[in-house]
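All chains, please: the whole structure from these sequences, using the hints.
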Amino acid sequence: MSADKTATARYSLAADEFMFVELSEEMTLEAFFRSISITQRLKAMSVPGIIEICPANASYQVRYDPDQLSAASLQEVLESLDREVSAQQVRTIETRVIEVPVLYNDPWTHETLMRFRDRHQDPSGTDLDYAARINGYDSVEEFIEAHSGSPWFVSMVGFVAGLPFMYQMVPRERQIQVPKYLRPRTDTPKQTVGYGGCFSCIYSVRGAGGYQMFGVTPMPIYDPSDQQPHIDDSMIFFRPGDIVKHRAIGRDEYDRLLADAEAGRFEPRVVPFTFDLDDFNRDPDGYASRVKEVLHDH
Amino acid sequence: MTIDVIKPGLATSIQDTGRQGHYHLGIPPSGGMDQRSLRAANLLLGNPEGAAVLECALMGPELRFSESCCVAACGAEMTPRVNGEAQPLNEVFRVPAGATLSFDFVKAGARLYLAIEGGIDVPEKLGSRSTYALGSLGGLDGRPLQAGDQLTLLPSATASREGRRLPESLIPVFSRHYLLRVVPGIYDHRLTDESRERFYEEDWTVASEADRIGYRMKGGSPLSFIEREPPFGAGDDPSNIVDACYPIGSIQVPSGSEPIILHRDAVSGGGYAMIGTVISADMDWVGQIQPHQKVRFVPVSLEEALAARAEYREVMEALRQMP
Chain A
1 MSADKTATAR
11 YSLAADEFMF
21 VELSEEMTLE
31 AFFRSISITQ
41 RLKAMSVPGI
51 IEICPANASY
61 QVRYDPDQLS
71 AASLQEVLES
81 LDREVSAQQV
91 RTIETRVIEV
101 PVLYNDPWTH
111 ETLMRFRDRH
121 QDPSGTDLDY
131 AARINGYDSV
141 EEFIEAHSGS
151 PWFVSMVGFV
161 AGLPFMYQMV
171 PRERQIQVPK
181 YLRPRTDTPK
191 QTVGYGGCFS
201 CIYSVRGAGG
211 YQMFGVTPMP
221 IYDPSDQQPH
231 IDDSMIFFRP
241 GDIVKHRAIG
251 RDEYDRLLAD
261 AEAGRFEPRV
271 VPFTFDLDDF
281 NRDPDGYASR
291 VKEVLHDH
Chain B
1 MTIDVIKPGL
11 ATSIQDTGRQ
21 GHYHLGIPPS
31 GGMDQRSLRA
41 ANLLLGNPEG
51 AAVLECALMG
61 PELRFSESCC
71 VAACGAEMTP
81 RVNGEAQPLN
91 EVFRVPAGAT
101 LSFDFVKAGA
111 RLYLAIEGGI
121 DVPEKLGSRS
131 TYALGSLGGL
141 DGRPLQAGDQ
151 LTLLPSATAS
161 REGRRLPESL
171 IPVFSRHYLL
181 RVVPGIYDHR
191 LTDESRERFY
201 EEDWTVASEA
211 DRIGYRMKGG
221 SPLSFIEREP
231 PFGAGDDPSN
241 IVDACYPIGS
251 IQVPSGSEPI
261 ILHRDAVSGG
271 GYAMIGTVIS
281 ADMDWVGQIQ
291 PHQKVRFVPV
301 SLEEALAARA
311 EYREVMEALR
321 QMP
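Residue numbers (full-length UniProt numbering), protein chains in the order written: chain A, 1 to 298; chain B, 1 to 323.
Don't read these hints as lab results, they were simulated from the structure.
Just so it is clear, CB atoms sit at the ideal spot from N, CA and C, and this is done for glycine as well.
Honestly, I wouldn't trust all of these hints.
Reference excerpt, derived from the structure (chain B facing chain A, CB under 10 Å, subset only) [to be verified]:
{"hint": "1", "residue": "ASP4"}
{"hint": "2", "residue": "VAL5"}
{"hint": "3", "residue": "PRO8"}
{"hint": "4", "residue": "PRO29"}
{"hint": "5", "residue": "GLY135"}
{"hint": "6", "residue": "GLY148"}
{"hint": "7", "residue": "ASP188"}
{"hint": "8", "residue": "THR192"}
{"hint": "9", "residue": "GLY233"}
{"hint": "10", "residue": "ALA244"}
{"hint": "11", "residue": "GLY271"}
{"hint": "12", "residue": "ALA308"}
{"hint": "13", "residue": "ARG313"}
Computed spacing ranges between beta-carbons, pair by pair [as the list claims (entries may be wrong)]:
{"hint": "14", "chain 1": "A", "residue 1": "THR274", "chain 2": "B", "residue 2": "ALA307", "range": "28 to 38 Å"}
{"hint": "15", "chain 1": "A", "residue 1": "ARG10", "chain 2": "B", "residue 2": "GLU304", "range": "36 to 46 Å"}
{"hint": "16", "chain 1": "B", "residue 1": "VAL298", "chain 2": "A", "residue 2": "SER225", "range": "37 to 47 Å"}
Structure below.
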């Protein structure tokens, strides 16, 4: 995963209020790092006329007021930021490491996936059985170890309010990949840990969904009624650039943490962290261990 | 002063001018889909232009007013009735204490905006009273109205404007066949040349799945994407991309079959290629198209989009200056 020095960007007008910027056609950590670095800098510049800045996996989008800022001027600003970031002047981002407890193979997603078996590639097993098999794991347990063992980058927050897309921080040949359901479900339990393509996610609200379902977290991640002290006024817990480490938990701990959450006293483990792309690229596995240590030394 | 919801109508929700600045966390702008009609109703009454109103889709609610109060209804043509007696659209009228306000079935357009003196009083969430139902946020408990709900109002700052009417030149005329202007782009290079041209040459019919999130279109020829090796992380369907942000107004075509125009409650991102974006000046019209009506997409340049934007601003300015 060496730095891509010939990085290109494709600027496209989305009518008169949006500019869409594709940094890479395929998902790479480099493209995501550029997206987050450019958008963080753009936000800090507070350019008059820029309304919203949305980083995504390998692209980003800016909403602007063309009466205050022309498309051409906006593109100049974005190109100059990309040059700065791509010239390798920027190799670190300030972020945080977050531990997400997960009850894998839980009864609620199990009940749901059984209801929608006719929309799945393999109606004979569970989503976990299928994902473990097609990714070459001998057992569901080993697969869960892989999913909960590595750190993940929150590469985008969205689809619906507060849903994090997470990109696995391991060399590409070891990344988990699973297709989406053949036809989307009409139901997914709230806080389901899902998987589609090369992305893991956490459903922030109950509703339709096409990702495979692996488990459920007791940790509230979206708080529209303002009852969770660990979530600020934005109502949303995750930010693009957060680093997530899942931790497999049992039913007893799940029940205890859920009771905490319902009483408004859930305390997630969150540690400030400086991510260094070059350090990571030199030794991804060593870096994963360091992320774990950071969480537990804290 | 309270308003009791006797019948909620098909999809009635509290909306204002929406919330900006939260799309990067997946929270869309929301707000009335036809901003021009929403603002016109408030301006007629002397409300703040962005006061919270009821957006009533296709079939209006039935409401009982505890006290006498002025209202204005703009947008879709659904005749308002007070205790059964027809009232004018686009004109301030009074609902007496204890009276029931109802609406006839829609004759033209899709969404009526009912502004009430003072504006509807619900808590602001992230700077807006608009309902975002997918995220259970804003409005009344984050959802459309239900029978048995009770609405309260903010105090009105202005004298009653009973009988005040929108100038004829500022009343929109609804159609059955809309031309929507689109700036082509984003991922339209993924389409074959033939599909890219044909998309703009055919009529599309609005499907029954047409709501605040998006408008699905049917009836045109399926679009073909250029064959390729799927990029890592994009997914196998030729219409897939690595999940990205969706601009409001953007048109995506999952599997090349049914285009979807995203509107103000949009999902903020996903993995389908967008092939263009409806210009901001035409987004109000999208919210007034009924299922089964026809649409033709018209490709325009950024300059044309900006000219249309300037015209739209003039209309809004005229509404603010109306006598």
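message: Are any of the numbered hints broken by this structure? If so, which, sorted upward?
response: Violated hints (numbers, rising): 1, 2, 3, 6, 8, 14 and 15; every other hint is consistent with the structure.
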